[in-house]
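Student: The primary structure of each chain is shown beneath.
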Amino acid sequence: MSLTLLNAAVAVFIAICFVGLNAAYLVWCERKGAGFYQRRPGPMENGPWGLLQPPIDGVKLMTKQLLIPGGVDKAIFMVAPVLAMFPALISFVTIPFSKNIVAHPINVGVLMIFAFAALGGMSLLVAGWGSRNKYAMISSVRAVSQTVAYEIPMLITTITIVLVSGSLNLSEIAASQLGGFWKWNIWGFQEAVGYNILMPISFLIIFVCAVAETNRAPFDLGEAESELVAGFHTEYSSMGFGLFFMGEYANIVIGACLVTILFLGGWSSPVPLGFFPFTDHVGWFLLKIYMIIFVFIWIRWTFPRTTIYGLLNLSWKYLIPISLFNLLLTAALLKVF
Amino acid sequence: MGGYFTDLLTGTKSLIDGMWITLKEFPRKPVTLNYPHESVKMYKRFRGHIELIKNEEGTSNCIVCGMCERACPSSCISLAGKKPEGSKKKVLTSYILDFTTCSLCGSCVESCNFDALQFSNEYNLASTRREDFVFDLLKRLEAQE
Chain A
1 MSLTLLNAAV AVFIAICFVG LNAAYLVWCE RKGAGFYQRR PGPMENGPWG LLQPPIDGVK
61 LMTKQLLIPG GVDKAIFMVA PVLAMFPALI SFVTIPFSKN IVAHPINVGV LMIFAFAALG
121 GMSLLVAGWG SRNKYAMISS VRAVSQTVAY EIPMLITTIT IVLVSGSLNL SEIAASQLGG
181 FWKWNIWGFQ EAVGYNILMP ISFLIIFVCA VAETNRAPFD LGEAESELVA GFHTEYSSMG
241 FGLFFMGEYA NIVIGACLVT ILFLGGWSSP VPLGFFPFTD HVGWFLLKIY MIIFVFIWIR
301 WTFPRTTIYG LLNLSWKYLI PISLFNLLLT AALLKVF
Chain B
338 MGGYFTDLLT GTKSLIDGMW ITLKEFPRKP VTLNYPHESV KMYKRFRGHI ELIKNEEGTS
398 NCIVCGMCER ACPSSCISLA GKKPEGSKKK VLTSYILDFT TCSLCGSCVE SCNFDALQFS
458 NEYNLASTRR EDFVFDLLKR LEAQE
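Read top to bottom, the protein sequences are chains A and B.
So that you can map any letter, position 23 of the first sequence is 23 in this note's numbering, and since no number is skipped, the others follow by simple counting.
Take any residue in the second sequence, note its place counting from 1, add 337, and you have its number in this note's numbering.
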């Protein structure tokens, strides 16, 4: 696909729409999910099943005053919310939704997504540092130590997949898993992954890391409202807060996309029968990412928040050693078979 | 190193147990009510403010003996009646309850020998004005279908 100006403009427009819609309606899904898990109906007042709630919330956020507290580092304070939203938006450029629906396939797509995910961690640090608020500061220190701790096992596990498929290009990684659910990287007993039966554990590791990377419960130490008011966005009002919020949900979508592409075969149909609903198309990709997001919501409304020690112990004592072991095992097995 | 793998296994198992429990709750019917649109039906022995009982003729059994007025420890009941021409019994003309001072002790209901008073099931009372809690129970009786 050649990248003409029109192409790029349309891609950016679609990406913004997709991110915006997802961010708005994932909040609705989250609130509905919270309701169902707690035996409540969730939002019901605005529109049928509360479907008008997200646009109304958006209008409310936009019409509020953007308050800049005295003594903040103004430039940094203003830049942080943009820095939270921007990487999430950029990452969508390289995510392949199906064989043809990809804005711009980059040969090092995996690297690019991880690079921008790291920038997301930086936005939290900058927000906490700039707001001149001790709670925001503590919160951002926590969030950054968490992001750093969970990036390591996530990267190591991704390297395992890169070894298996021999490419850093997300489209190629997904394409290497086409042809039925038994070809997906999540299953260990197949020649493509060198009969490494620990692949499901790799999937679990990257799943846990995706939850932790997006700062979601039970790993939302950065937003521990019982200890830190509201965390790094304590001082933000109006759309400043709104951008953090949207960035968070956009990151969830990216996490789900990444897990889908690396382990669940991207747009591959689970049973390729050759006629329409069972061919490989974008529908399967969307189905998979929304199922993963459902599990994210399920986890959030099941488990209480961990402690910072529990969180870092899980990463440094369990996820990193196990993922390293799995990387070595995969490399060896690929050499053998 | 002791307990490293047992911690991992028991932890994983307890997480799966927790998720199974919440998943079972997910498809079940909500236990809450959509409050302003729906409300709980109050149980029979709930003590709301008092109200007059309606008899078959659609009027009150009250004969204006004034026992309830006398029994009230906080003097929040005031009633009046008159004897119409050619009748032996008095007929109630007004029954005012000042609910702001009522403590819901129930002495009035106990003291009534003519089965004319009962507790209502009203529990949704809210207002910013004091006067809203001075009820004319006779009017309330007439308003009931």
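Bear in mind the hints are in silico, worked out from the structure with no lab data behind them.
Errors might be hidden in some of the hints.
Keeping only pairs whose Cα atoms sit at most 20 angstroms apart, straight-line, the calculated EDC-like set for lysine to aspartate or glutamate is [unchecked claim]: (1) B:K366 <-> A:E30; (2) B:K361 <-> A:E30; (3) B:K420 <-> B:E459; (4) A:K317 <-> B:D344; (5) A:K99 <-> A:E225; (6) B:K426 <-> B:E394; (7) A:K134 <-> A:E30; (8) B:K366 <-> A:E45; (9) B:K427 <-> B:D354; (10) B:K391 <-> B:E468; (11) B:K427 <-> B:E479; (12) A:K134 <-> A:E227.
Since this is a predicted model, take the numbers as computed values, not measurements.
Student: Now tell me, hint by hint, if it's right for this structure.
Tutor: Results of checking the hints against the structure:
Between B:K366 and A:E30, the direct Cα distance comes to roughly 18 angstroms. Compliance with the 20 angstroms bound is thereby established for this hinted pair. With a C-alpha separation of about 18 angstroms, the suggested pair B:K361 and A:E30 falls inside the 20 angstroms cut-off, and the hint holds. A C-alpha spacing of about 32 angstroms is found between B:K420 and B:E459, which places the hinted pair above 20 angstroms, so the restraint is violated. About 11 angstroms separates the Cα atoms of A:K317 and B:D344, which keeps this hinted pair within 20 angstroms; it holds.
A C-alpha spacing of about 43 angstroms is found between A:K99 and A:E225, which places the hinted pair above 20 angstroms, so the restraint is violated. Only pairs whose Cα atoms come within 20 angstroms are accepted, and B:K426 paired with B:E394 is accepted, the gap being roughly 15 angstroms. A hinted pair counts as satisfied when its Cα atoms are at most 20 angstroms apart, and A:K134 with A:E30 does not qualify at roughly 29 angstroms. Pair hint B:K366 plus A:E45 holds up; C-alpha atoms about 18 angstroms apart against a cutoff of 20 angstroms.
About 71 angstroms separates the Cα atoms of B:K427 and B:D354, which puts this hinted pair outside 20 angstroms; it is violated. The suggested pairing of B:K391 with B:E468 is violated, with an alpha-carbon distance near 25 angstroms, which exceeds 20 angstroms. Distance hint between B:K427 and B:E479 is fulfilled; the C-alpha atoms sit about 18 angstroms from each other, no more than 20 angstroms. With a C-alpha separation of about 11 angstroms, the suggested pair A:K134 and A:E227 falls inside the 20 angstroms cut-off, and the hint holds.
Hint violations for this structure: numbers 3, 5, 7, 9 and 10, all remaining hints satisfied.
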